[in-house]
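S.K.: First residue of the sequence shown? That's 118 in this note's numbering, and the numbers climb one at a time after it.
Calculated from the structure, these hints are not laboratory results. Remember, it's a predicted structure, so these values are computed and weren't measured experimentally. Think of the CB as a built atom: it goes at the ideal place given N, C-alpha and C, for glycine as much as any other residue. Certain hints may be false.
[To be verified] Okay, the calculated beta carbon distance ranges per label pair:
id, residue 1, residue 2, range
1, ASP311, PRO290, 23 to 29 Å
2, LYS361, ASN438, 47 to 53 Å
3, LYS277, GLY434, 46 to 52 Å
4, ASN299, GLU431, 45 to 51 Å
5, SER141, LYS333, 21 to 27 Å
6, SER141, TYR404, 27 to 33 Å
7, VAL300, GLY402, 32 to 38 Å
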Amino acid sequence: MITHSIPMRDALLEKIYQSMKTDSKIFFLSADFGSPVLDKIRLDFADRFINVGIAEQNLINIAAGLAIEGNKVFAYAIAPFLTMRCYEQIRVNLALLSQVRDMNVSLIGVGAGYSYVVSGPTHQCYEDISIMRALPSISVYSPADHISTGCLFDRLVSKKGIKYIRLDAQTLPVIYENPILNVEAGFNVHRKGDEICLLATGYMVHVAMKLANRLKNKGVDVGVVDIFDISHSCNNFLYEEISKYRGIVTMEEGFKGRGGMDSMILDYISNSDLEIRVKNIGVRGGYSFDLGSRSELHEKVGIGEEASLKTILEFHGSITNYCINNG
Numbered sequence: 118m119i120t121h122s123i124p125m126r127d128a129l130l131e132k133i134y135q136s137m138k139t140d141s142k143i144f145f146l147s148a149d150f151g152s153p154v155l156d157k158i159r160l161d162f163a164d165r166f167i168n169v170g171i172a173e174q175n176l177i178n179i180a181a182g183l184a185i186e187g188n189k190v191f192a193y194a195i196a197p198f199l200t201m202r203c204y205e206q207i208r209v210n211l212a213l214l215s216q217v218r219d220m221n222v223s224l225i226g227v228g229a230g231y232s233y234v235v236s237g238p239t240h241q242c243y244e245d246i247s248i249m250r251a252l253p254s255i256s257v258y259s260p261a262d263h264i265s266t267g268c269l270f271d272r273l274v275s276k277k278g279i280k281y282i283r284l285d286a287q288t289l290p291v292i293y294e295n296p297i298l299n300v301e302a303g304f305n306v307h308r309k310g311d312e313i314c315l316l317a318t319g320y321m322v323h324v325a326m327k328l329a330n331r332l333k334n335k336g337v338d339v340g341v342v343d344i345f346d347i348s349h350s351c352n353n354f355l356y357e358e359i360s361k362y363r364g365i366v367t368m369e370e371g372f373k374g375r376g377g378m379d380s381m382i383l384d385y386i387s388n389s390d391l392e393i394r395v396k397n398i399g400v401r402g403g404y405s406f407d408l409g410s411r412s413e414l415h416e417k418v419g420i421g422e423e424a425s426l427k428t429i430l431e432f433h434g435s436i437t438n439y440c441i442n443n444g
């Protein structure tokens with residue numbers, strides 16, 4: 118396991134490359150999208166590597182055909198084009214068909230959230246969690262670093278069905294120094310707190326970890342949980358973890374209140390006996406053509422460190438006042 122920072126895609130592609138040496142059922146499809154590791158797959162497994170060109174709809178159609186024949190298929194493209202350009206193909210040829218035929222397809226989308234920061238809103242991706250979660254037969258994964266990405270490989274290759282994994286386009290710092298991930302639980306507890314727990318996914322786990330340290334210096338000790346499975350993490354394990362808190366703050370690089378992780382958590386709490394107040398931190402407003410660094414854009418849409426710190430402190434204050442006023 119490589120513990121220094123490398124791109125998420127390279128961690129996953131290296132796992133795929135090594136497995137293709139012994140598993141002749143694995144096929145790899147690319148929508149004219151590259152990587153140094155991908156060159157090894159293309160050269161060493163030319164009979165199981167297909168570059169469809171800039172034609173994501175065909176990527177999905179070919180993936181469906183190979184999967185129906187019993188193969189394990191990885192389909193690789195830029196996240197917004199993989200999910201939104203060919204949504205009907207994903208719905209009909211993968212989500213719908215997989216309910217009546219055994220299929221094993223993993224969609225690898227690179228460019229989660231604002232990670233293609235310089236390319237503007239056409240390449241940035243704030244909707245993928247919402248729209249992929251809307252398809253009931255697709256599992257959605259959103260890891261926070263290359264270690265956790267690699268840990269999800271066994272689930273992708275061995276679990277039948279349709280999976281979507283969203284990867285950051287930038288090389289992110291390592292969070293999982295101990296490469297052990299409870300994939301079945303769907304989340305990982307990075308730190309425990311007192312009254313408030315931050316439930317974050319993808320890049321926002323890094324923001325949550327920084328905020329936890331700053332909040333502790335202000336006397337507010339928050340928990341941090343990485344929700345890397347956006348489909349199955351609302352289970353008994355999560356109940357046990359969050360039931361002790363008075364407040365939950367969800368944090369994601371996606372539009373706020375549009376069916377993303379925030380909706381999943383709100384639905385879970387509303388259908389349980391949990392008495393927890395919830396605050397959502399997500400991208401507010403519409404699309405933006407502003408230029409700047411990722412952190413600058415984050416501040417403008419309400420999910421940056423400073424904006425989130427203000428939101429969490431106000432939320433903590435409201436919980437404290439509520440407890441005082443209600444004994």
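S.K.: All hints, please: hold or fail.
M.R.: Against the structure, the hints come out as follows:
no.	hint	verdict
1	ASP311 / PRO290: 23 to 29 Å	26 Å, holds
2	LYS361 / ASN438: 47 to 53 Å	20 Å, violated
3	LYS277 / GLY434: 46 to 52 Å	48 Å, holds
4	ASN299 / GLU431: 45 to 51 Å	33 Å, violated
5	SER141 / LYS333: 21 to 27 Å	52 Å, violated
6	SER141 / TYR404: 27 to 33 Å	44 Å, violated
7	VAL300 / GLY402: 32 to 38 Å	35 Å, holds
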